[in-house]
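**Student:** The chain contents come next:
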Amino acid sequence: MSLTNDRIKERLVEKFGEQVSAFSEPYGMLTFEAPKELNLKVLNFLYDDEELKFRFLTDLQAVHYPDDKGRELAVVYHLHNLVDNVRIRFKVFTDIKTPDVYTATGLFSGANWMERETYDFFGVNFVGHPNLKRILNVDEMDYFPMRKEYPLEDQTRIDKDDEMFGRG
Amino acid sequence: MTEHEHIRLPEGSIEKTTTTLNLGPTHPATHGVFQNILELDGERIVSAEQTVGYIHRAFEKLAERRPLYQVTPLTDRLNYCSSPINNMGWHITCEKLLGIKTPKRVDYLRVIIMELARISDHLICNSIVGVDTGAYTGFLYVMQYRELIYEIYEEICGSRLTTNIGRIGGFERNFNDIAFQKLDKFLAEYPAVLKEFINLFERNRIFMERTQGTGAISADRALNYSFTGPNLRAAGVDYDVRVHTPYSSYEDFQFNVPVGTTGDNFDRWQVRNDEMWESLSIIEQAYRKVKEFKGADAEVFHADVPEYYLPEKEDVYTKMEALIWHFKIIMGEIDIPVGEVYNCVEGANGEVGFYLISDGGRTPYRLHFRRPCFIYYQAYEEMTKGSMMSDAIITLSSLNVIAGEMDA
Amino acid sequence: MGRPVAYNVNEKKLENDISIANMPEGHQGEGFFATSLNKVVGLARKNSIWPLPFATSCCGIEFMATMGSHYDLARFGSERVGFSPRQCDLLMVMGTIAKKMGPVVKQVYLQMAEPRWVIAVGACACSGGIFDTYSVLQGIDQVVPVDVYVPGCPPRPEAIIDGVMRIQDLIGKESLRRRNGDRYKALLEGYAIQ
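Residue numbers (my numbering), protein chains in the order written: chain A, 1 to 168; chain G, 1 to 408; chain L, 1 to 194.
No lab work stands behind these hints, which were simulated from the structure alone. C-beta atoms are modelled at their ideal positions from N, C-alpha and C, and glycine is treated no differently. Each hint should be verified, as a subset may be incorrect.
Unchecked claim - Chain L regions said to be covered by chain G (calculated; three or more residues, Cβ under 8 Å):
1. 20-30
2. 132-138
3. 164-174
Claimed, not checked - Taking CB as the label site, the calculated pair distances span:
4. G:G339 with L:A192: 28 to 38 Å
5. A:Y27 with G:S281: 28 to 38 Å
6. L:S84 with G:D238: 40 to 50 Å
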C-alpha cells in the first residue's frame, strides 16, 4: 500500500493526538505544525517509523511573521521519504522574545549549517547546536537581517538619490 | 591584523604539535571564495574548519523586493556555471504557484537548454579536477566547446553566462534556424571531444592514483548530510529529481542515471562524465521530438497566459485587455495567488529547491533557495580528515562547490 | 514575439596579414636607437603584464573563457597568471566583493609590489552591481584605488580584453616618477594605505 497524505496524517494524529494541527495540502504537499517542544519527538517519529521513513532532510529554514504576536518566527522543515517518494512540510512556531528551538543535528548532520544560517538571518536559537555562530554574514553584525523590520540596503551610502528610486 | 580576530588558534598549534594553515578565500584551486582553516600534522589533516559567506549577496532579502520576473536575474547568479537550470527551475516554480501548464514543445525546448547547461557545468568541474592534478590541456580543450554552448544561448536570449533565459510560461522568442544550426554543429562535434577528454584521464595512472580512494564518503553519511546530485550518486544512491518527480516532460525521455560505488573523487568524476553522455542523448531525443512539430505547432514557444506573459505588441496597441496586462506585467502589479509552494529541479550539483511563500502582494513574502552546494560543503571536514593536503585540494574541486550558490 | 536575432554574415576584410606596433619616437641611426627611458620601460612593462585573477563569482567564469583559446588573453603578454601577489602587476578583481571580503582585497593589494595596477571587472566590482544590499561592498574603490573599470554583467571577453588594453595604454604612458610623487601619496593616504 503506498504512502498517501491521509495515511501520514492518520499516523501522526494517532501518535500525537491534538498536538499536531493545522493540516493542509498546498499544491499536494502535506503541511502541519506542532508545538516547538515536540519538534524533536515528531522528527524522530517520522525518521524511525517503518512505514513513514522520512529519513532525508531536504531543507530547514525560517519565516518571520511580525504580525502574528506570540508566533512570529516559524521554523520550517521539509522532509522527504526517498523510498516512497513522498514529501512533507513540518512547521514549528516560536515567540520572537524567546526563540529557542531544539536542534535537529543529532538526527540529521546536514541540519548543522542550515540551522546556523537560520540563526544568522532570523535569530532562532537552536538549543544544543554544537557551533551556533554566524555563517554567512560578518561576525560583528549585531542584528538579524532577514527580519522584516530591517532594510535591505546599506544605510551608509551617501551617493544614492532616494527620490529616483521611489523611496524619497 | 584586526580583521582576522575571529580565527582562534587551537591548542595543538600553540604547543607546536600541529600547524594551522589557512586555505584562504583567495586561492587558485577553488572556483569561488571560501576558506578552510586546516590543522595539519605534517601532511595529514587533523581537522578543518570552514568559513563561508565571503560572497554573501543577500539574495533572499533581495527577492522580497522584486516581482516574480525580476527574481530571475537573481537565480542566474546562484549557480552561474549552469544558470539556465536555475532560471527554468524558478519559472517552473512560478508556474506551479500560478497554475500554468506549458505546452509540450516548450517543455522539450526547456529540456534541451537545461541539458546543455548541465554539460556546461560538468565540463568546468571535470576539467578543473584535471587542472588540480596538473593536467591543464583538458581544460583548455574543453573550454573551446563551452563557447559553442554559449553561442547557442546567445542566439536565444542574447547573453552568454548569466542568461535570464525564458519567461513564465515559455520562452521570449522562438528558436530560430540559426539556433538549430548551432545546435547541430554542437551535436556533431562535441561527442568526439568528450571522448578525447575522457581518454586523456581515464586510464592515466597519475590521475587514477590521485583520485581513487581519496575524499570518499559512504552512502549513509551522504544521506545524513542531505547530499544530492552527482556527489550522492557517486556514493551509490540513485536519487535524481528528474526521475523521482519529473518536471518539464522528463518522463517522455529515456535515460540512465549513472551511479558510483565508493563516493571517492574518481567516482564523482566518472559519474559526471557519464551524466554528460546521458545529457547528450537526452538532447538528441528532445531535438528529434521538437522537429516532429510541424506547421502552426512549430510556432508555439510559450503558454497562452496573457496575465503573466507579455502579449504581442500589435495586440497591445489595438486591444484594451492586452494593454492592461502589458502595463500590469511591466509595472510588476500582477496578481499572485496566496499560497506556499516548494519546487525542485535537478541542478548540476543536486536538488535546487525554491520555497516560495506568497501573501498575494506583488512580491514574494519569503523566498528561500535550497542550495545544494551549501548543504554538502558541510561534509568536507569529514571527507578529508586523515587525508593528505593535496588530496584535500582534489576533493574540494571534485565536490564542485560554486561559491555563488553556496552563499546566496 | 521578439525580433529574430540575425547572425553577422558580413565579414570584415583584413587589411594586412601582420600588423606591427608603432615604434616610440626617438633618434635612429646605424645600429642604435635612442629614445627616452620611460618610453622603453613603458613598452616593456605593458607587453608583459602578469595578472592576479581575483575571481569571486560569475565574472570569474568569463575570465576563464577569456583565458581560453577562443579569446586568448595570453597574446597580450598575460600568459602566466599568478596567484601570488608578490609576483604580479595587475590585480583583476572580478566579481562581487562582499563586506566580509573587503579586508582580504585590501590585504592582497598591500602585498603587491609597486608598480601595481587594479582593474575592476564587472558591475559588482565597479559599483556593487545589482546587489544594493547590506552585505555587498558598493564598489571596490571603497577599499583600493582602481585604474580601469570594465562594466558589464558579466562583461563579454572582448570587453575584458578592452579593459586590459586600456591598462596597457596607462602603463605605456606612465611617468617613472609617478609612484614617488605627492599626488600618488595623497591618493594612497585617502585609502589609509601607507
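**Student:** Please go over all the hints and tell whether each is borne out by the structure.
**Tutor:** Against the structure, the hints come out as follows:
1. 20-30: Violated - the segment 20-30 of chain L has 0 residues with a Cβ nearer than 8 Å to chain G, which falls short of three.
2. 132-138: Contact hint for the segment 132-138 of chain L vs chain G: holds, 4 residues under 8 Å.
3. 164-174: Violated, because only 0 residues of the segment 164-174 of chain L bring their Cβ atoms closer than 8 Å to Cβ atoms of chain G.
4. G:G339 with L:A192: 28 to 38 Å: 51 Å, violated
5. A:Y27 with G:S281: 28 to 38 Å: Check passed, 32 Å falls within 28 to 38 Å.
6. L:S84 with G:D238: 40 to 50 Å: Cβ of S84 (chain L) to Cβ of D238 (chain G): about 43 Å, so the range 40 to 50 Å holds.
In terms of the numbered hints stated before, the structure departs from hints 1, 3, 4, listed from lowest to highest.
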